[in-house]
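Q: Spelled out, the chains give:
There are 2 protein chains.
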Amino acid sequence: MRNLKIEIEYDGSRYKGWQTQKGNIATIQEKLESVIAKMTKEEIQVIGCGRTDTGVHAENYIANFTTNCEKTVEEMLDYLCEYLPEDIVVKAMKDTSERFHARYNVISKTYVYRINNNKYRNVFNKKYTCHIPEKLDIEQMQKAAAILVGTHDFMSFTTLKNKSKATVRTINYINIRENDGNIEMEFNGNGFLKNMVRIITGTLIEIGLGTKKFEDMKKILEAKQRSEAGPTAHAHGLALKNVQY
Amino acid sequence: MRNLKIEIEYDGSRYKGWQTQKGNIATIQEKLESVIAKMTKEEIQVIGCGRTDTGVHAENYIANFTTNCEKTVEEMLDYLCEYLPEDIVVKAMKDTSERFHARYNVISKTYVYRINNNKYRNVFNKKYTCHIPEKLDIEQMQKAAAILVGTHDFMSFTTLKNKSKATVRTINYINIRENDGNIEMEFNGNGFLKNMVRIITGTLIEIGLGTKKFEDMKKILEAKQRSEAGPTAHAHGLALKNVQY
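Chains A and B are the protein sequences, given in the same order. Just so we're aligned, residue 1 is where the first sequence starts under full-length UniProt numbering, counting upward by one. Just so we're aligned, residue 1 is where the second sequence starts under full-length UniProt numbering, counting upward by one.
Heads up, a few of these hints could be off.
[Stated by the list, open to error] Straight-line Cα separation of at most 20 Å, EDC-like style, residue types lysine to aspartate or glutamate; simulated pairs: (1) B:K126 <-> A:E228; (2) B:K119 <-> A:E82; (3) B:K126 <-> A:E7; (4) A:K119 <-> B:D53; (5) A:K165 <-> A:E206; (6) B:K135 <-> A:E139; (7) B:K31 <-> B:D53; (8) A:K119 <-> A:E228; (9) B:K143 <-> B:D216; (10) B:K5 <-> B:D78; (11) B:K119 <-> A:E139; (12) A:K218 <-> A:E139; (13) B:K241 <-> A:D180; (14) A:K219 <-> A:D153; (15) A:K135 <-> B:E74; (16) A:K135 <-> A:D153; (17) A:K126 <-> B:D87; (18) B:K126 <-> A:D87.
Worth flagging that the hints you see were computed from the coordinates, not collected in a lab.
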């Protein structure tokens with residue numbers, strides 16, 4: 001039995017997130033599984049590194065699947081390139097140890113949230129950046145972000161319905177950079193709760209706009225109440241950048 | 001009479017280039033003129049910094065127009081943002097000297113041609129990069145490009161129909177950079193003939209693939225024959241990056 005590790009790039013605009021759902025719902029996992037199943041003539045389960053929300057993109061999503069198919073990696077990549085839709089590309093594939101599990105073995109993940117902070121919309125990246133025409137105060141956002149770095153209970157920053165689940169996570173860094181009005185916020189952590197990056201981003205945007213102060217971030221974190229945080233930022237600005245194993 | 005200088009970003013995919021043509025043909029100039037005319041309630045002629053081909057993009061296209069309209073620059077920008085199609089954005093506008101002419105005053109222009117040289121297509125930039133899966137030899141391309149720098153008769157690199165037009169131009173630099181399989185070729189010169197950047201690019205691609213040698217570039221240049229050069233590279237990889245005055 002081969003265990004194949006794959007690296008995927010996808011534009012999430014048309015999909016209801018990564019994970020297969022009941023009913024005839026377009027998801028990345030479902031698309032991949034159906035094309036790989038045709039290629040291998042087997043039933044295939046693709047194990048992803050984690051869920052992504054509806055509309056969220058991925059630049060380097062990692063997954064794995066096991067198969068008895070004897071095609072070479074090159075042949076498989078060519079097949080997938082031909083039969084997957086234009087907005088999903090398997091960029092790389094390799095035979096890996098039978099012990100490799102794309103979800104269990106994750107050490108950390110990096111997400112990037114992109115904001116066009118120029119007054120006027122952008123032509124080229126509008127599908128992948130959130131447009132906020134009002135000037136954001138990057139320094140205040142950076143100060144607020146620093147409060148979240150470390151190991152905390154991120155209950156305030158999730159829409160998880162199952163309250164019994166552990167909500168403690170470690171954020172290793174949040175880097176906020178601005179270049180010519182384009183803001184990139186990079187989040188690295190050992191795991192992120194449902195909607196966590198987008199709710200943190202929504203809160204940081206409120207701080208950048210001045211409707212909240214950077215010191216408020218501490219109170220919001222300690223409140224462990226979703227209602228204390230800012231709104232969930234739009235999905236299309238978010239992309240999974242890469243995964244560390 | 002005010003003379004307004006504008007900076008435009010456009011995705012050329014849907015348009016037959018910059019310049020207004022006879023008949024009901026979608027061009028950037030025609031779109032801009034019709035929206036500005038509605039805004040100013042005047043007949044408007046927008047003077048562009050030059051033509052761009054069908055399907056070519058622009059990141060910072062410069063144009064100007066004269067008007068008696070008394071709206072502020074802010075009001076005009078807001079109007080244009082609202083009424084122009086999604087793929088054309090006027091990013092900046094300012095009142096300028098009555099002597100400023102977007103075409104006559106150009107000192108030089110910078111174009112960028114983008115190639116995805118990875119084996120598999122790309123999800124995010126496919127509308128703005130040309131996919132060439134076979135590995136290109138960047139060093140050979142750089143050596144060939146160096147032959148073109150300077151003042152030369154570029155007759156071999158144009159599809160100009162009017163043979164009486166002067167075909168001598170000066171290329172100040174051609175920078176070819178590669179990062180993670182993404183190649184950017186930047187061309188700066190005092191002016192470019194019809195299709196010139198795309199024919200040079202097509203020739204450089206042949207050299208990168210090894211079907212032509214870098215030394216051939218000298219013979220091609222000296223031949224002053226379109227048939228000696230390589231094919232015209234696809235339009236969608238090309239963008240006008242900026243214009244120097």
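Q: Any hints from earlier that this structure breaks? Give me their numbers in increasing order, please.
A: 1, 4, 5, 6, 8, 11 and 16
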